[in-house]
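These are the residues of each chain, in order.
Protein chains: 2
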Amino acid sequence: MNQIICTVDVALLTLAEDGLKVGLLRREREPFKSVAALPGGYIHQESDNDARDAARRVLMDKAGIDPPYLEQLATFSGPARDPRGWSVSIAYYALVPAQLLEQAGERGMTLASADHPPQLPFDHRAIVAAAVARLRSKSQYSSLPCHLAGETFTLPQLQKVYETLMNEPLNKVSFRRKMTEMDMLDPVEGRLESAGAHRPAQVYRLKAAFRDELQLLERGL
Amino acid sequence: MNQIICTVDVALLTLAEDGLKVGLLRREREPFKSVAALPGGYIHQESDNDARDAARRVLMDKAGIDPPYLEQLATFSGPARDPRGWSVSIAYYALVPAQLLEQAGERGMTLASADHPPQLPFDHRAIVAAAVARLRSKSQYSSLPCHLAGETFTLPQLQKVYETLMNEPLNKVSFRRKMTEMDMLDPVEGRLESAGAHRPAQVYRLKAAFRDELQLLERGL
Chain R
22 MNQIICTVDV
32 ALLTLAEDGL
42 KVGLLRRERE
52 PFKSVAALPG
62 GYIHQESDND
72 ARDAARRVLM
82 DKAGIDPPYL
92 EQLATFSGPA
102 RDPRGWSVSI
112 AYYALVPAQL
122 LEQAGERGMT
132 LASADHPPQL
142 PFDHRAIVAA
152 AVARLRSKSQ
162 YSSLPCHLAG
172 ETFTLPQLQK
182 VYETLMNEPL
192 NKVSFRRKMT
202 EMDMLDPVEG
212 RLESAGAHRP
222 AQVYRLKAAF
232 RDELQLLERG
242 L
Chain D
22 MNQIICTVDV
32 ALLTLAEDGL
42 KVGLLRRERE
52 PFKSVAALPG
62 GYIHQESDND
72 ARDAARRVLM
82 DKAGIDPPYL
92 EQLATFSGPA
102 RDPRGWSVSI
112 AYYALVPAQL
122 LEQAGERGMT
132 LASADHPPQL
142 PFDHRAIVAA
152 AVARLRSKSQ
162 YSSLPCHLAG
172 ETFTLPQLQK
182 VYETLMNEPL
192 NKVSFRRKMT
202 EMDMLDPVEG
212 RLESAGAHRP
222 AQVYRLKAAF
232 RDELQLLERG
242 L
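Protein sequence lines, in the order shown, are assigned to chains R and D. In terms of my numbering, the first sequence opens at residue 22 and continues consecutively. In terms of my numbering, the second sequence opens at residue 22 and continues consecutively.
It is possible that some hints are incorrect.
One copy or any two copies: either way a pair holds, since identical chains are not told apart in the list.
The list that follows gives simulated cross-link-like pairs (lysine to any residue, SDA-like), each with its CA atoms no further than 20 Å apart [to be verified]:
id, residue 1, residue 2
1, Lys-159, Glu-92
2, Lys-181, Ser-215
3, Lys-159, Thr-131
4, Lys-159, Ala-95
5, Lys-83, Lys-199
6, Lys-193, Asp-144
7, Lys-181, Arg-73
8, Lys-199, Glu-239
9, Lys-199, Leu-46
Simulated from the structure, these hints should not be mistaken for lab results.
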């Protein structure tokens with residue numbers, strides 16, 4: 022029987038005005054006490070039904086966040102990544118709209134650049150890099166970016182989210198055609214949002230069917 | 022400190038004349054002694070450098086196979102999937118051309134339908150289903166199927182592999198254009214293979230650069 026350390030870690034990603042961010046918390050315990058790191062913790066055998074459950078519990082206990090989107094990323098393992106010994110970290114990434122992060126700020130969460138994160142303990146930088154790569158890649162052909170747009174949004178707002186994630190400007194007509202093709206948005210009855218000199222824009226939300234499962238585009242954006 | 026059981030399991034996939042197959046071995050120990058299951062085993066903290074290393078060791082020790090392609094699939098976990106207690110299985114899938122499986126047959130490996138596997142212990146059917154879904158999905162836009170085609174192959178042979186994985190016939194001209202676009206094949210100098218009434222076909226192998234990393238197609242097949 023082996024005595025491997027089993028943990029979960031979560032790369033919590035959000036979009037701020039100046040780009041993609043990852044949430045960091047100062048560690049309460051050794052190793053790396055007081056150092057900013059990804060939220061993480063041991064699996065609790067008594068109460069967790071699986072690793073996903075552990076990731077959700079860690080985010081709620083440590084940051085007060087129930088993320089609208091949480092996906093298993095990859096498992097990181099080896100004898101050297103944790104000074105306590107041979108360890109396995111089942112890593113997840115969560116997408117959270119910026120508005121939802123206010124309460125996390127009160128709990129001490131800080132945001133760092135996800136594309137150029139600072140030094141982090143363990144292999145947390147590798148976890149962040151894998152999360153960013155997965156998010157940017159899936160943004161090209163799925164509903165994934167909607168989870169960063171907030172509960173409701175206009176099409177120009179959603180297009181800006183896609184553009185930030187894909188790192189390129191998108192053609193407005195073709196973007197709208199692709200969104201229609203994915204058939205993933207519900208108009209919010211009677212809600213229009215004024216947008217400067219433009220005429221007011223319809224407000225949408227993600228259809229309930231695509232809150233837990235992604236909608237895919239056959240040919241990409 | 023937790024006492025979680027940490028294992029690796031491998032869904033070894035190959036293509037036979039009648040479709041996609043998964044390799045099964047009779048278990049040597051309890052639980053489920055003598056039952057056919059995916060090759061798997063504990064992580065060895067003394068000797069394994071990471072979970073991938075453990076997966077490779079398990080395949081070599083139990084089946085005598087060093088797979089040309091091995092990728093982490095997902096981690097399965099929970100209190101009920103293993104009768105010994107709360108467990109984590111870091112699952113991998115391996116792609117092996119049929120020719121390489123001969124020695125595994127001598128070690129007792131049997132092949133079952135990967136699309137409709139028999140009853141299996143633990144959550145091994147869920148692991149097989151996830152591996153098949155990953156393979157079929159990635160086949161649409163990457164070099165992944167080449168690892169099932171053998172060390173060398175003609176373009177008609179490779180097209181047949183892609184067609185089997187994608188479950189649809191492909192247009193020959195468009196298939197060849199996409200293969201050229203991916204720029205992943207080297208012709209084997211001076212090797213032509215006769216193909217019935219057709220003129221002999223050039224023999225190819227995967228470029229060295231794409232043996233460990235996939236080559237991707239921007240728009241899919």
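Right, here's what the structure says about each hint:
Taking the shortest alpha-carbon separations for Lys-159 and Glu-92, both the intra-copy value of 12 Å and the inter-copy value of 18 Å come in at or below 20 Å. Taking identical chains as interchangeable, the C-alpha atoms of Lys-181 and Ser-215 lie at most 20 Å apart only when both belong to the same chain, with a minimum of 16 Å there against 55 Å between chains. For a Cα distance limit of 20 Å, the shortest separation of Lys-159 from Thr-131 qualifies neither inside one copy, at 25 Å, nor across copies, at 36 Å. In this assembly of identical chains, the alpha carbons of Lys-159 and Ala-95 lie at most 20 Å apart whether taken from the same copy (15 Å) or from different copies (17 Å).
Taking CA atoms no more than 20 Å apart as the test, Lys-83 paired with Lys-199 passes in neither setting, with 38 Å inside one copy and 48 Å between copies. Proximity of Lys-193 and Asp-144 under a CA criterion of 20 Å is satisfied in neither setting, with 39 Å inside one chain copy and 45 Å between copies. For the identical chains of this complex, Lys-181 and Arg-73 are neighbours neither inside a copy (30 Å) nor across copies (39 Å), given an alpha-carbon limit of 20 Å. With identical chains, the CA atoms of Lys-199 and Glu-239 are at most 20 Å apart both within one copy (10 Å) and between copies (17 Å).
With identical chains, the CA atoms of Lys-199 and Leu-46 are never at most 20 Å apart, being 38 Å at best within one copy and 46 Å at best between copies.
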